[in-house]
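> What follows is each chain in one-letter form.
Number of protein chains: 2
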Amino acid sequence: MQTMDLSHELAIGIDIGGTNTKWGIVNHRGEIVEKGEIPTDGHPTIDRFIEALHATLQPYMQRMGADSVFRGIGVGAPNGNYYKGTIEYAPNLHWKGIIPVTQLMTERFGLPCSLTNDANAAAVGEMMYGAARGMKDFIMITLGTGVGSGIVANGQLILGHDGFAGELGHTCIRPGGRLHWATGLRGSLETYCSATGIVLTAKELLENSKEDSTLRGISGEELNSKKIYECAVAGDPIAREVYRYTGQILGEALANFIMFSSPEAIILFGGVIKAGDLLMEPTREHMEANLLPIFQNKVKLVFSELKEADAAILGASALVWEIKD
Amino acid sequence: MQTMDLSHELAIGIDIGGTNTKWGIVNHRGEIVEKGEIPTDGHPTIDRFIEALHATLQPYMQRMGADSVFRGIGVGAPNGNYYKGTIEYAPNLHWKGIIPVTQLMTERFGLPCSLTNDANAAAVGEMMYGAARGMKDFIMITLGTGVGSGIVANGQLILGHDGFAGELGHTCIRPGGRLHWATGLRGSLETYCSATGIVLTAKELLENSKEDSTLRGISGEELNSKKIYECAVAGDPIAREVYRYTGQILGEALANFIMFSSPEAIILFGGVIKAGDLLMEPTREHMEANLLPIFQNKVKLVFSELKEADAAILGASALVWEIKD
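Respectively, the protein sequence lines represent chains Y and E.
Using full-length UniProt numbering, read the first sequence as starting at 1 and increasing by one per residue.
Using full-length UniProt numbering, read the second sequence as starting at 1 and increasing by one per residue.
The shape of chain Y in the complex, shown without the other chains (with noise of 0.2 Å):
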C-alpha cells in the first residue's frame, strides 16, 4: 500500500546579492539539497536575470520533480518588500525603480513566489533552523559590506505598516559625525560597522596618528578589514584599536536595540564576524554598559550558527511554506 509522502516537498530558496545570486533547494527538514550561484550583475534587465535562473534551475525541477512536488520560490533581495513582492530603488543593484519580482519569478516558473529583505530573510533562516531556533524575540544584524538587520518580535518578522523595517545600519549612533557614501546621511551605524566603514576607520586612525603600523605598508586600494583584522591577530595596535572602536559603536548601537525591543537574543551574522572575540569583547562590553540594569546580563549576544550563504537561502526558502495556495 501507498501513502501519500508530504516530506516530498521542496522549495527554491533564492538570495539576491549585488554581485552573486544564490540558490538552493530545501526540503521540509531544513536540509539545502542542491545549491549554485549565478552572476547578478551580468544581466542588463531582470527578465534576462530571471530567464537565467529559470535556466539554471530547470534541470534540477525536472529531475527532482519526479518523485517531488516544488511548493514554491522564496527570495532574499536588498530593499525587498513582503508586501508588495517587489525590489524597490535597491542602491547595490542595477535594476533600478520599482521591480514586481515575485510577479516575474511566478510567470516564468509557474510557480508562487514570496519575497523579503535580505536580512529579513537570514533572520528567518536563524530562527528555522539556527542560532534563534525557538526565539519568538531576537533581532538578527548583518555585518558585511553594509549592515542590516532583521527584528523578529513576538514570533513574527518586524515588517512595519509599509513592509520596510529593519534598517538598523541606517539608525545615527554617532549624531554629525561619518558622512555615508551613498545615504548622504552621517553618523550611521553602517558608516562604523560594516567592513566599508571598518577600513575608513583604519584609514581615520592612521591619518591622526604616527604610531608604526604594519597597516601603512598596505595601499589603500588594497586596505579591506579582512587585511585589518591578520594585522590585529598578529598585534597591530592601529588594527587592534580599528576592531576595539568597531566594538564600541556597534555594543551602543546595540544597547538602543534592546532598549526597543527587548529580545532574548542579538545574533551577529556576515563577514565581519571572522573577526571573533577581537569584535566580541569591546561590543559585549559596550553593550551591557549603556543598559539599564534590568536589561543587564540577560541578552545573549552569539554569532550566527548558519553557514553564511546557507542563512539567506534557507531564511528566503521558508518563505514557501508560508505562502498560502
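Just to be clear, a hint being listed does not mean it is correct.
Where chains are identical, the list cannot tell them apart; a pair therefore holds if satisfied intra-copy or between any two copies.
[Unchecked claim] List time: in silico SDA-like cross-link candidates among lysine to any residue, alpha-carbon distance up to 20 Å: (1) Lys84 <-> Pro293; (2) Lys96 <-> Pro293; (3) Lys274 <-> Pro237; (4) Lys298 <-> Thr86; (5) Lys136 <-> Gly155; (6) Lys136 <-> Asn154; (7) Lys84 <-> Asn154; (8) Lys300 <-> Thr56; (9) Lys35 <-> Gly97; (10) Lys298 <-> Tyr89; (11) Lys136 <-> Gln156; (12) Lys307 <-> Glu288; (13) Lys274 <-> Tyr89; (14) Lys300 <-> Phe70; (15) Lys35 <-> Lys274; (16) Lys274 <-> Lys307; (17) Lys298 <-> Gly97; (18) Lys203 <-> Gly220; (19) Lys307 <-> Gly17; (20) Lys307 <-> Asn154; (21) Lys84 <-> Gln296.
Hints listed in this document are in silico derivations from the structure and should not be mistaken for laboratory results.
Please build the complex by placing chain E on the supplied structure of chain Y, with the hints as guidance.
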C-alpha cells in the same frame, strides 16, 4: 422576554503614577462612566495602597454591580511587567523591589487582574479609542516628567522576551552627553526631551549665553517647562531656542525609531506636548532630515487625541477584555 445584555460588562482601569493613581470604570464602548484618583505616595506599603483603592472603588462596584458585571482590573504602572504581573524596581515609586501587583489585586478585589507598563497602557488606549484607531504599527511616545514609550507592531504590543521592551526614553541619542539624574547613563532621550530635560536645556543655554531673557527673572527652583513655554510664546529667544533644540533631539530620535519598526504613525503624548507647534515643527523637520528616502513623508507625526488622564485608564481597562477566563 429578557435577553442577556453583554454590553453591561465593565472593566476597571487603573493608572499608577508616582504621585497620584487614577482609576476609571469603563464600559465596552470605551466610555469612562466613573473616575477618580487617590494619592499613590500616601501609603507606606502596597497592601495599604490596595486597601485604600478597594475602599474607594467598593461603593461603585456594589451600586453598579446590580445590573452590570465587573470583568476585571487592568493596571498601568511604571516598570510594570505584563508577563509577571509585577512592578519591578520602579524608581518613581516608594515601594521597592518586586511587587506582585496582580496577585494582590485579585486577592483583595476577587477579580482577575492584568498589568503592563504605563506607556504601553497608553498605547493600547490610543489604539482602541484614540489617534491610532485601526493602526497595526505605531509608536507612542510620552513626554512627561520622564520619557516613556509603547510600541505596537503587527497589531500587538512589543513586550520583548521579558516584558520590558519599549524603554525608548533611555536610548542614547547624544553619546557622552548629558548625565541622567537616576540611571547614570549619558545622553539618553529622557535627559533632553522630558520636562526635566527641558529645564536643564534652559539652564544650560542661560549659562552659556549673555542674551537677555525673561527666564533670567525666574529662580532655578521655580523654572519649569510650563514657564519656559509661556516665555517662548511671548517671544523670548532663549525659551524659543529651548524648544527648537528639544525638537531637534526628539526628531533625530524618532528617525531612528522609524528605521527600526517603520510605523504608520508616531503619537506624542504627555505634558510636554502642550508646547504645540513650538515643539512639533522642529521635531518634524529633524525627523524627516534624518530618514532614508524610503521612509520620508510617510509617517504621521501627531499628538494624542485622548485626554492625558484618560489614555492610560482606557488602555489599562482594555487589558481586561483580553484576560482569559
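> Please sort lysine 298 with glycine 97 into within, between, both or neither, judging by C-alpha distance up to 20 Å.
between (42 Å within a copy, 18 Å between copies)
> With identical chains treated as interchangeable, where does the CA-CA distance between lysine 35 and glycine 97 reach 20 Å or less: within a copy, between copies, both, or neither?
neither (29 Å within a copy, 55 Å between copies)
> How would you label the pair lysine 84, glutamine 296 (within, between, both, or neither) given a Cα cut-off of 20 Å?
between (39 Å within a copy, 18 Å between copies)
> Given identical chains, is lysine 96 near proline 293, meaning Cα to Cα at most 20 Å, within a copy, between copies, both, or neither?
between (46 Å within a copy, 15 Å between copies)
> For the identical chains here, do lysine 203 and glycine 220 meet the 20 Å Cα criterion within one copy, between copies, both, or neither?
Classified as within: same-chain Cα gap 8 Å, cross-chain 47 Å, threshold 20 Å.
> Which holds for lysine 274 with tyrosine 89 at a C-alpha limit of 20 Å: within a copy, between copies, both or neither?
Classified as neither: same-chain Cα gap 30 Å, cross-chain 39 Å, threshold 20 Å.
> Quick one: lysine 35 to lysine 274, C-alpha cut-off 20 Å, is that within a copy, between copies, both, or neither?
The answer is neither: 23 Å in one copy and 59 Å across copies each exceed 20 Å.
> Given a CA cutoff of 20 Å, do lysine 136 and asparagine 154 count as a within-copy pair, a between-copy pair, both, or neither?
For lysine 136 and asparagine 154, both the intra-copy (5 Å) and inter-copy (14 Å) Cα distances are at most 20 Å.
> When no copy is named, should lysine 136 and glutamine 156 be tagged within, between, both, or neither for a Cα gap of at most 20 Å?
Both: 7 Å inside a copy, 13 Å across copies.
> Please work out whether the CA atoms of lysine 300 and phenylalanine 70 approach to 20 Å or closer within one copy, between two copies, in both situations, or in neither?
neither (37 Å within a copy, 42 Å between copies)
> With identical chains, the pair lysine 298 and tyrosine 89 could be close in the same copy or across copies; at 20 Å between alpha carbons, which is it: within, between, both, or neither?
between (38 Å within a copy, 16 Å between copies)
> For the identical chains here, do lysine 136 and glycine 155 meet the 20 Å Cα criterion within one copy, between copies, both, or neither?
Close inside one copy (4 Å) and across copies (16 Å); limit 20 Å.
In the structure shown, a violation is registered for the earlier hints numbered 8, 9, 12, 13, 14, 15 and 20, in ascending order.
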